[in-house]
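Asker: For reference, the chains in residue letters:
There are 2 protein chains.
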Amino acid sequence: MKWITVEDLENISIGATLLGTGGGGDPFVGKLMALQAIQKYGPVKVLQLDELNDDDLVMPVGSIGAPSVSNEKIASEEEIYAPAEVLKEFFPERTQAIMPIEIGGGNSLLPIACAAKMGLPIVDADAMGRAFPESQMVTFFLKGYQPEIVAMADSQGNRIVYYPKDGEWSEKIARSITDVMGGSANMVDNVFPGKIVKECGIGGTLTLAKKIGEELTSFSETTSPVNRLLTILNGFSLFEGKINHIERNVEGGFTKGRATLAGISGNKNETLELLFQNELLLAKKDGAVLASTPDLICALDYETGRPITTETLRYGSRIHVIALPSDPKWRTEKGIDVAGPKYFGYDIEFKPVEELMGEKSICID
Amino acid sequence: MKWITVEDLENISIGATLLGTGGGGDPFVGKLMALQAIQKYGPVKVLQLDELNDDDLVMPVGSIGAPSVSNEKIASEEEIYAPAEVLKEFFPERTQAIMPIEIGGGNSLLPIACAAKMGLPIVDADAMGRAFPESQMVTFFLKGYQPEIVAMADSQGNRIVYYPKDGEWSEKIARSITDVMGGSANMVDNVFPGKIVKECGIGGTLTLAKKIGEELTSFSETTSPVNRLLTILNGFSLFEGKINHIERNVEGGFTKGRATLAGISGNKNETLELLFQNELLLAKKDGAVLASTPDLICALDYETGRPITTETLRYGSRIHVIALPSDPKWRTEKGIDVAGPKYFGYDIEFKPVEELMGEKSICID
Numbered sequence: 015m016k017w018i019t020v021e022d023l024e025n026i027s028i029g030a031t032l033l034g035t036g037g038g039g040d041p042f043v044g045k046l047m048a049l050q051a052i053q054k055y056g057p058v059k060v061l062q063l064d065e066l067n068d069d070d071l072v073m074p075v076g077s078i079g080a081p082s083v084s085n086e087k088i089a090s091e092e093e094i095y096a097p098a099e100v101l102k103e104f105f106p107e108r109t110q111a112i113m114p115i116e117i118g119g120g121n122s123l124l125p126i127a128c129a130a131k132m133g134l135p136i137v138d139a140d141a142m143g144r145a146f147p148e149s150q151m152v153t154f155f156l157k158g159y160q161p162e163i164v165a166m167a168d169s170q171g172n173r174i175v176y177y178p179k180d181g182e183w184s185e186k187i188a189r190s191i192t193d194v195m196g197g198s199a200n201m202v203d204n205v206f207p208g209k210i211v212k213e214c215g216i217g218g219t220l221t222l223a224k225k226i227g228e229e230l231t232s233f234s235e236t237t238s239p240v241n242r243l244l245t246i247l248n249g250f251s252l253f254e255g256k257i258n259h260i261e262r263n264v265e266g267g268f269t270k271g272r273a274t275l276a277g278i279s280g281n282k283n284e285t286l287e288l289l290f291q292n293e294l295l296l297a298k299k300d301g302a303v304l305a306s307t308p309d310l311i312c313a314l315d316y317e318t319g320r321p322i323t324t325e326t327l328r329y330g331s332r333i334h335v336i337a338l339p340s341d342p343k344w345r346t347e348k349g350i351d352v353a354g355p356k357y358f359g360y361d362i363e364f365k366p367v368e369e370l371m372g373e374k375s376i377c378i379d
Numbered sequence: 015m016k017w018i019t020v021e022d023l024e025n026i027s028i029g030a031t032l033l034g035t036g037g038g039g040d041p042f043v044g045k046l047m048a049l050q051a052i053q054k055y056g057p058v059k060v061l062q063l064d065e066l067n068d069d070d071l072v073m074p075v076g077s078i079g080a081p082s083v084s085n086e087k088i089a090s091e092e093e094i095y096a097p098a099e100v101l102k103e104f105f106p107e108r109t110q111a112i113m114p115i116e117i118g119g120g121n122s123l124l125p126i127a128c129a130a131k132m133g134l135p136i137v138d139a140d141a142m143g144r145a146f147p148e149s150q151m152v153t154f155f156l157k158g159y160q161p162e163i164v165a166m167a168d169s170q171g172n173r174i175v176y177y178p179k180d181g182e183w184s185e186k187i188a189r190s191i192t193d194v195m196g197g198s199a200n201m202v203d204n205v206f207p208g209k210i211v212k213e214c215g216i217g218g219t220l221t222l223a224k225k226i227g228e229e230l231t232s233f234s235e236t237t238s239p240v241n242r243l244l245t246i247l248n249g250f251s252l253f254e255g256k257i258n259h260i261e262r263n264v265e266g267g268f269t270k271g272r273a274t275l276a277g278i279s280g281n282k283n284e285t286l287e288l289l290f291q292n293e294l295l296l297a298k299k300d301g302a303v304l305a306s307t308p309d310l311i312c313a314l315d316y317e318t319g320r321p322i323t324t325e326t327l328r329y330g331s332r333i334h335v336i337a338l339p340s341d342p343k344w345r346t347e348k349g350i351d352v353a354g355p356k357y358f359g360y361d362i363e364f365k366p367v368e369e370l371m372g373e374k375s376i377c378i379d
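Protein sequences, first through last, are from chains Y and V.
Each residue of the first sequence is one higher than the one before, counting from 15 in the working numbering.
Each residue of the second sequence is one higher than the one before, counting from 15 in the working numbering.
If you're looking for bench data, these hints aren't it; they were derived computationally from the structure.
There's no promise every hint is true.
Same chains, same label: a pair holds when it works inside one copy or across any pair of copies.
Below 30 Å or equal to it, Euclidean Cα-Cα: the simulated DSS-like pairs (lysine-lysine) are [unchecked claim]:
{"#": "1", "residue 1": "K270", "residue 2": "K54"}
{"#": "2", "residue 1": "K157", "residue 2": "K212"}
{"#": "3", "residue 1": "K365", "residue 2": "K54"}
{"#": "4", "residue 1": "K59", "residue 2": "K225"}
{"#": "5", "residue 1": "K179", "residue 2": "K54"}
{"#": "6", "residue 1": "K365", "residue 2": "K343"}
{"#": "7", "residue 1": "K225", "residue 2": "K179"}
{"#": "8", "residue 1": "K87", "residue 2": "K186"}
{"#": "9", "residue 1": "K102", "residue 2": "K186"}
{"#": "10", "residue 1": "K157", "residue 2": "K225"}
{"#": "11", "residue 1": "K179", "residue 2": "K299"}
{"#": "12", "residue 1": "K212", "residue 2": "K298"}
{"#": "13", "residue 1": "K186", "residue 2": "K270"}
{"#": "14", "residue 1": "K343", "residue 2": "K256"}
{"#": "15", "residue 1": "K299", "residue 2": "K102"}
{"#": "16", "residue 1": "K299", "residue 2": "K356"}
None of these values were measured; they are calculated from a predicted model.
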């Protein structure tokens, strides 16, 4: 992918919703923003990681907060671009590219809109390989790089620039500001030169998102799109069920909640529990863990195979839950410390989904 | 007063504690900071308002948060200066003077330390003529001037610069950041050019603080220091009593509380209730209002006549409560909207203390 045009947005949006594991902000809203920006300012050039110069500054753009809020309080054009525009004034010569901070829902599409508007290329990479709820959960942080400068903006016209002590303080400050800004805000975080982005970035994730979208929307007579996808991504089918309980609360700048599913088709007597904090973090079948963060847990519509966000999980919905192995960077000791189940308060050891599922993998067709 | 030297600090500290109406941060800690800075960097030149050039930028320096926190988590030298130093980089040529944002406790002495360290003069003025708990409660705000840029710093090394929509948003953002910074922080707020400072500043308040300190520490055979002070400042003696109940809570970046006093000497059967949010805001005798914000309510030690902060009110302490008329800027409709009793949730109309006390003023000697 050399350019992102309006034709690519639907597939990127579908793939990014899947990789976003339920979070990352609303993909529909993000898609409309990117669509409008490309129609107005033209297609966006795509750079691969190895095309970055060592000194070029890359600005990761995204929104922060509770999806329950940002889905209703949709960001204005001005608000989306403000953090990058404020920071560009600090580094007028060196800002050379935009990047998604996470590959997930709206946060994969907002940066496309931002790149179009600012006339900058977008890097085909992100710093999570999925979406995570907290801002220090990035591969830069895993390698010990701390954000030196962060910018935030809200719908009121407030603009904030801060120099955090480290990534964890950056998250604390950003979350507190997000809260006072009404529960959602826009930000540029983890601004690093090309050398560090090449070292830490998870490459090719915009292209991967597009490919996932293509797979899930293409038709074949022999296999279902979901099964094809599981083969391509080394994924596992965890459960097919109907949501019989869903709860979500907006607290501390997140949407936290849980859903329980009663099995349908071959697993009628079984129950799946899904726990989420913006993103799906833990899946337990009758009490036994099937998959946990940092591995990816994704909810797909049972009929269409389209990925859905945690915001759109509804009582009575029939969904297909799948899991994918996370990028190896997250399966290190540091990665599990930063974004493993214990960090989120689940008292279990992380085990890779392929180990947990072992022989259990069910092939549905 | 042309220069502030180490000899002036004790009297400024006493006077600022009185004018601080119980708040403004700990004067003892502030005095030690100013003392150390003047010893290290030399005396501080004092500018009167009319000596400011119209374009000179004046930086008001202060701490923000709950005194209960800042009294125990004492700010480091680096932390005190950081906000002014960060902002000076934005306006290297134009920064010409430091100013106390309020005349109150530690917040009158911190700016002296900051001026000494930065080699800048201090303006003999402030933007409240007393201390108030919220950052939009400044005379700039009364005249419709909004802070365009604010800087904050904490003990961790976090540095924040923000461009608020207006003064009320500035307070919301600052308070939320203060909370995440642990309940106290340092800031530079309401940076304005000399022209606006001359229009809005309440002049001569450092000199007034020093004079109050001189009065309260001088001895005369005929009148008590407190009575002399009441005469000079057109003040009123409200109550002499012993604290028989005190409660304080740190909430939302403030110390909020109430004290009740049982009368001593001539008013044994009477009870005074004092309500505070960092500063003393309301005094009621047996249910009848004697004085309320924006007028100044001050607590003095019964034996020594020295002013005391709300943090040092203790069960069993004997205190003398006095009240002073506020600057006329606060007695306007806008002033009462911004910092009158209703703003703080007390359902009463503001009446000037001289009206409330009327003939009640008691002369004690």
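Asker: The structure should be examined with respect to each hint, and the outcome stated for every one.
Answerer: Consistency of the hints with the structure:
1. In this assembly of identical chains, the alpha carbons of K270 and K54 never lie at most 30 Å apart, being 36 Å within a copy and 53 Å across copies at closest.
2. With identical chains, the CA atoms of K157 and K212 are at most 30 Å apart within one copy only, with a shortest distance of 12 Å there and 52 Å across copies.
3. In this assembly of identical chains, the alpha carbons of K365 and K54 never lie at most 30 Å apart, being 47 Å within a copy and 59 Å across copies at closest.
4. Taking identical chains as interchangeable, the C-alpha atoms of K59 and K225 lie at most 30 Å apart only when both belong to the same chain, with a minimum of 18 Å there against 68 Å between chains.
5. For the homomeric pair K179 and K54, the shortest alpha-carbon distance between copies (28 Å) is at most 30 Å, but the shortest distance inside one copy (39 Å) is not.
6. For the identical chains of this complex, K365 and K343 are intra-copy neighbours only, at 14 Å inside a copy versus 66 Å across copies, given an alpha-carbon limit of 30 Å.
7. Taking the closest pair of Cα atoms, K225 and K179 never come within 30 Å of each other, the shortest separation being 38 Å inside a single copy and 42 Å across copies.
8. When the C-alpha separation of K87 and K186 is checked against a cutoff of 30 Å, the pair qualifies both within a copy, at 22 Å, and between copies, at 19 Å.
9. Within a single copy, K102 and K186 get their C-alpha atoms as close as 24 Å, and across copies as close as 26 Å, so both meet the 30 Å cut-off.
10. Taking CA atoms no more than 30 Å apart as the test, K157 paired with K225 passes inside one copy only; the shortest distance there is 29 Å, against 58 Å between copies.
11. Taking CA atoms no more than 30 Å apart as the test, K179 paired with K299 passes in neither setting, with 41 Å inside one copy and 49 Å between copies.
12. Taking the shortest Cα distances, K212 and K298 never come within 30 Å of each other, neither inside one copy (36 Å) nor across copies (67 Å).
13. In this assembly of identical chains, the alpha carbons of K186 and K270 lie at most 30 Å apart whether taken from the same copy (17 Å) or from different copies (25 Å).
14. For a Cα distance limit of 30 Å, the shortest separation of K343 from K256 qualifies neither inside one copy, at 33 Å, nor across copies, at 65 Å.
15. In the homo-oligomer, the alpha carbons of K299 and K102 never lie at most 30 Å apart, since the shortest distance is 48 Å inside one protomer and 59 Å across protomers.
16. In this homomeric assembly, K299 and K356 come within 30 Å of each other (Cα to Cα) only inside a single copy, at 19 Å, whereas the closest approach across copies is 55 Å.
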